[in-house]
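Enquirer: Whole structure, please, built from the sequences with the hints as guidance.
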Amino acid sequence: MTRREPPRLALALLEHFAPDGTFLAGDLIEEYRHHPSRWRVWCEVLAAIARALRRQDDEIRPLHLVDLQPADAIARTRNAVLRPKPINLAASPIAGTGGLAIALLALVATLFMPGVWWLLGVALLAGIGLGVLLIALHRRTIG
Amino acid sequence: MPRHLLTDFELMILLAVLRVGDEAYGVQIAREIEATSGRRVLLGAAYAALERLEKNSLVSSSVGDTTPQRGGRAKRIFQVTPRGLRAVRDTREALVAMWRDVPQLKEKLT
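Sequences listed follow chains A and B, in order.
Per my numbering, the first sequence starts with residue 759, numbered consecutively.
Per my numbering, the second sequence starts with residue 197, numbered consecutively.
Treat the hints as calculated values from the structure; they're not laboratory data.
The beta-carbon is built from N, C-alpha and C at its ideal position, and this holds for glycine as well.
Among the hints, erroneous ones may be present.
As the list claims (entries may be wrong) - Pair ranges (Cβ atoms, derived):
#1 A:R834 x B:S253: 40 to 46 Å
#2 A:G887 x B:T262: 55 to 61 Å
#3 B:N252 x A:A831: 39 to 45 Å
#4 A:A808 x B:R296: 37 to 43 Å
#5 B:L301 x A:W800: 50 to 56 Å
#6 A:L892 x B:G268: 47 to 53 Å
As the list claims (entries may be wrong) - Residues of chain A placed beyond 12 Å of chain B at every Cβ, according to the derived structure:
#7 L786
#8 T835
#9 L878
#10 L882
Expert: Next comes the structure, spelled out in structure tokens:
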């Protein structure tokens, strides 16, 4: 049996990442009724998202020129250099997903491999230790 | 005014929009190209070309009605502008001029 609707996740991603993606999403839904190919839908969506991301990079961003005194410029530069930068302890490439990934891992471990909890505990402690070490090194660099 | 010559895909898109008529939107344009030329077209690629053409004022677009067949999403309907029509003619003239007096092609045509 073939579903009459294209993958919802694909359409949601398309409409989130591609400007004017709603028109293409409508076309994909219409086309899917004639040629129900999930593979084709995903190809279309990924290509459209790639194009949209590339177009964002190509946009010309105007320069924000301000009347800045030399003393202000020096102060701003000093602040920018010396401002402590946040450290991504979860080592996640996407901001805000580190905690979620850990929760998911814990759930999977509890359901399928409860025996590995000790290993997770050790890994957690090692992670905290590494974090503390990174913070200490970072502070020393600033100082 | 300098002549605006189109790429082969842009030319196909504009011709498809002209062939479909008043209700030329993504699916119809892609189907028209596939049916007429046998070239398979990604809808996203067609939209990218149409956006480029619209930026150059060769097509204009308007938002059509929403339909249940499209999950309640609207169509984006395209029309060829007079400038676009001129670009199609210019491109055809340029291609025909290139075609002329090529012995290998002449033999095949006769």
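Enquirer: Look at each hint and say if it fits the structure.
Expert: Okay, the hints, checked on the actual structure:
no.: 1; hint: A:R834 x B:S253: 40 to 46 Å; result: 43 Å, holds
no.: 2; hint: A:G887 x B:T262: 55 to 61 Å; result: 57 Å, holds
no.: 3; hint: B:N252 x A:A831: 39 to 45 Å; result: 41 Å, holds
no.: 4; hint: A:A808 x B:R296: 37 to 43 Å; result: 41 Å, holds
no.: 5; hint: B:L301 x A:W800: 50 to 56 Å; result: 41 Å, violated
no.: 6; hint: A:L892 x B:G268: 47 to 53 Å; result: 49 Å, holds
no.: 7; hint: L786; result: 7 Å, violated
no.: 8; hint: T835; result: 39 Å, holds
no.: 9; hint: L878; result: 42 Å, holds
no.: 10; hint: L882; result: 44 Å, holds
Figure legend: structure checked against the earlier numbered hints; hints not met, in rising order: 5, 7.
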